[in-house]
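Colleague: We have chain V; now place chain H onto it with these hints.
Number of protein chains: 2
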Amino acid sequence: MSDMQSLVDSITQQQDQYLNRLFKLLRIPSVSTDPAFSQDVYKAGKWVADQFQEMGLSVQMVKTKSHPIVLAQTPTVEGAPTVLVYGHYDVQPADPLEQWISPPFEPTVRDGNIYARGATDDKGQMLTHVFSTEAWMKHRGGVPINIKFLIEGEEECGSTALSQFLKGDYNDQIGCTSEEKLACDVVVISDSSQFGAGIPAITYGLRGIVAFELTVVGPKQDLHSGTFGGAVANPVNALMRVMASFQDDVGKITIDGFYDDVQEMEPVEREQWKQLPFSEAEFMDKIGITETFGEPGYSTIERRWSRPTLDINGISGGYQGEGGKTIVPSKAVAKFTCRLVPNQDPAKIAKSIQAHVAARISTAFKWNLHIGHGAPGVVVPLDSPFMSAASTAIEQAFGKTPVLIRAGGSIPIVSNFKQKLGVDTLLLGWGQNDDNTHSPNEKFSVDDFQKGIIASAYLWQAISEINK
Amino acid sequence: MSDMQSLVDSITQQQDQYLNRLFKLLRIPSVSTDPAFSQDVYKAGKWVADQFQEMGLSVQMVKTKSHPIVLAQTPTVEGAPTVLVYGHYDVQPADPLEQWISPPFEPTVRDGNIYARGATDDKGQMLTHVFSTEAWMKHRGGVPINIKFLIEGEEECGSTALSQFLKGDYNDQIGCTSEEKLACDVVVISDSSQFGAGIPAITYGLRGIVAFELTVVGPKQDLHSGTFGGAVANPVNALMRVMASFQDDVGKITIDGFYDDVQEMEPVEREQWKQLPFSEAEFMDKIGITETFGEPGYSTIERRWSRPTLDINGISGGYQGEGGKTIVPSKAVAKFTCRLVPNQDPAKIAKSIQAHVAARISTAFKWNLHIGHGAPGVVVPLDSPFMSAASTAIEQAFGKTPVLIRAGGSIPIVSNFKQKLGVDTLLLGWGQNDDNTHSPNEKFSVDDFQKGIIASAYLWQAISEINK
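Protein chains in written order, with our numbering: chain V, 1 to 468; chain H, 1 to 468.
Excised from the complex, chain V in its bound form (with noise of 0.2 Å):
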């Protein structure tokens, strides 16, 4: 028997002993959107702390203003690439409860899956990572890598601390600069889905994303439309005019240079996108339409994963109450949102979007654009050795070479990181799309659980064999 082999069948040998674990933490409602649930937040953190520490790793818990951040490291092996693993501790809020089948935070096993808020997101797929390198040291004697766990609880509520660490307002907790804590070959993240049901998936890519809020002022007041209209400016009108003239009428988005910087997909990811088991019709009934939208000459895997959008997320302006109300409104606001992909600069889309508002506007009206957070969109090299040695691990543990795949959403730690310490991140999520994620009934397969930290224990070996 291989010492893979061996390992392996030791980590299947302690299923149970590692779903108990799970278990305890699922326990911890560690609920970071309500201060309600503070204290269970940090002992969620303390318990991730203490794993690391019985298994014999340096940690730290780094204290913030708000919720702790976790740090540990493996014993260092010279000469070997260094990996960090990122993950989170903190869950979403479990509302609504009256739809949960089992109490939120008490684990349940039904039909092989565990149900828990936080099952899959993210304590189900971080502790994979955690028990992989456990098992290692236990039966290995130690990981042939050098491991950095950065687990954080702030990540359902918009991460702020850990923006602070990564600033360097820690570095007096640390010793050292954050850059210098976190600096690896690679960062590994497991908080995300594969393609499918027995469809194992790396996402190589994301979408970044920029923020705006537009708000238009017209009179002082709210006024008769009868006695006024006609002879002052609505600001509802003027702020539609302006909405609609980001698109056109297929979805092409008319902003000047709005696409310039569009890094276009590779013929082969386009290739291997049409490959994929993807079913126009389930998608629509899924989510309740008739027919997909979009950019002419896309399908629609790549209007999701490759190409850039303005989405409109809200918008309201004058009476809103049952009924009508015969006004010219004072205001009308609009929150809108741009999803980047690589190489569109947020802050020159934002710039193309000031002025095209700024050419739009009228002067009767006084108006502010609020430009809110933004993160560029990234793609991860396919022809890296991390991706290689992932998708080697993933095919050993799932028994499936892994699909590549971007995602629409946008992750803003894996540009940050990308911008910070240089390196690309791996995304090797191990749960479903149908995971109930931020829903009732979150779920997580008791079986991804377990190939999950097998796949984790083949990628330390895999990396550990890259430039040898």
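There may be inaccurate statements among the hints.
For chains that are exact copies, the list does not tell them apart, and a pair is met inside one copy or across any two.
[What the hints assert, rightly or not] Distance condition first, Cα-Cα at most 20 Å in a straight line; then the derived SDA-like pairs of lysine to any residue: (1) LYS366 - ASP249; (2) LYS286 - THR227; (3) LYS24 - TYR298; (4) LYS220 - SER279; (5) LYS366 - ASP285; (6) LYS331 - GLY321; (7) LYS325 - THR160; (8) LYS325 - GLY158; (9) LYS325 - PRO93; (10) LYS351 - VAL262; (11) LYS252 - GLY372; (12) LYS148 - VAL423; (13) LYS220 - PHE283; (14) LYS220 - ALA281; (15) LYS366 - PHE283; (16) LYS252 - THR227; (17) LYS325 - PRO96; (18) LYS252 - ARG360; (19) LYS43 - GLN99; (20) LYS138 - GLN5; (21) LYS252 - PRO296; (22) LYS274 - SER299; (23) LYS63 - ASP50; (24) LYS252 - THR292.
I should point out that these hints are in silico values taken from the structure, not numbers from a laboratory.
Modeller: Below, chain H alone, put in the same frame as chain V:
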């Protein structure tokens, strides 16, 4: 001394008595929008009916599903014209109470003004016609024409009972049709304002209205804008496009056929309006804008009185709270109204808008256009003998020829009377623009109240001389 001068003198001598009786009515908090005041609304109606009874008119309080309609009629004068006086005895709520200098239902005279809720809208103005009729009956033995009074108690909350009355729902109570009961040659309403202080006016035109609510529905629930954005049609984006398509940059409406039936101003009207003392700077300052806006080729007054509009009154959709939420919203709603001018048909305009919307919303959405209340615009012919009579009467009472103005608002009852009874309405406003109608510290000038009674007395005389 002429008979009229003697009548006017007696009215002048009665000033305190008229004021005291107005105060009695003002002390009754007849707030029709709030069921808590239901008894008081009835009490006010009864008080008005009692006045008519004491004057020797035939009176009827028509019982309705809510507040009674007071009908009264002077003794028949064969061959003389018949005037229908419309008014209302209900008032708006007094909130915000803390902003009143003296209590809203304790009428107080300061600086020559009566301060109280309902002082000008409409108790004070309505009573001018009651008291002038009383003066004629007392001092001249009767009015020289036929006067019918229709005083309702729900003007501030939609006039539902009056609509039902006009439809014939209460014909059994009056023993004839409502058309027969209200048959007349002209309607007189005093429920508006002079053009300015010392500038009495006759309002001979009103804009009409037609109201809409457009709902656009996309996915069955809000979607993650990262996962779905770019591939799913966004109902807010779509609503913006439709709403923006109604108008061009300078405020001209671009709906097919919208202006087809518009009755243009007469050159004489334009000329008269140019002579009105109107300060663009004061107008802008009062409502807090720095420039006016609207259809090229028209002045601010022309835009407000003689041009149709399309104003969005309210808009909502998606996330409207603090900060942002990255969603593709499921639904968006816009409420909007068109102000119409004479000869535009609300139903025809609604049809054009329906077609405009239908041609512009993608089949990717479910949508609904709700068509609400409509009323056509009205103009009273300037050369009618009733206009001349009113002008003469006002000049005699106020010492100045009234200016002839239109108003931008809509008084649906005016077009209702035109349709049901086939007669025009004289809008003889005794109030001032700054009377704080519907606001705290509503007021009515004691002098305008007195002059209104005298003008009304002269009006009955002038109308009696028509066709002689």
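Colleague: Could you run down the list of hints and mark each one as holding or not?
Modeller: Hint check results:
| no. | hint | in the structure |
| --- | --- | --- |
| 1 | LYS366 - ASP249 | between (28 Å within a copy, 17 Å between copies) |
| 2 | LYS286 - THR227 | between (48 Å within a copy, 13 Å between copies) |
| 3 | LYS24 - TYR298 | neither (46 Å within a copy, 75 Å between copies) |
| 4 | LYS220 - SER279 | between (52 Å within a copy, 19 Å between copies) |
| 5 | LYS366 - ASP285 | between (43 Å within a copy, 15 Å between copies) |
| 6 | LYS331 - GLY321 | both (16 Å within a copy, 15 Å between copies) |
| 7 | LYS325 - THR160 | between (42 Å within a copy, 17 Å between copies) |
| 8 | LYS325 - GLY158 | between (38 Å within a copy, 12 Å between copies) |
| 9 | LYS325 - PRO93 | between (38 Å within a copy, 16 Å between copies) |
| 10 | LYS351 - VAL262 | within (16 Å within a copy, 44 Å between copies) |
| 11 | LYS252 - GLY372 | neither (23 Å within a copy, 35 Å between copies) |
| 12 | LYS148 - VAL423 | within (14 Å within a copy, 88 Å between copies) |
| 13 | LYS220 - PHE283 | between (46 Å within a copy, 13 Å between copies) |
| 14 | LYS220 - ALA281 | between (49 Å within a copy, 15 Å between copies) |
| 15 | LYS366 - PHE283 | between (42 Å within a copy, 18 Å between copies) |
| 16 | LYS252 - THR227 | between (40 Å within a copy, 18 Å between copies) |
| 17 | LYS325 - PRO96 | between (34 Å within a copy, 19 Å between copies) |
| 18 | LYS252 - ARG360 | both (18 Å within a copy, 16 Å between copies) |
| 19 | LYS43 - GLN99 | neither (26 Å within a copy, 53 Å between copies) |
| 20 | LYS138 - GLN5 | within (15 Å within a copy, 116 Å between copies) |
| 21 | LYS252 - PRO296 | within (8 Å within a copy, 32 Å between copies) |
| 22 | LYS274 - SER299 | within (9 Å within a copy, 61 Å between copies) |
| 23 | LYS63 - ASP50 | within (16 Å within a copy, 80 Å between copies) |
| 24 | LYS252 - THR292 | within (14 Å within a copy, 34 Å between copies) |
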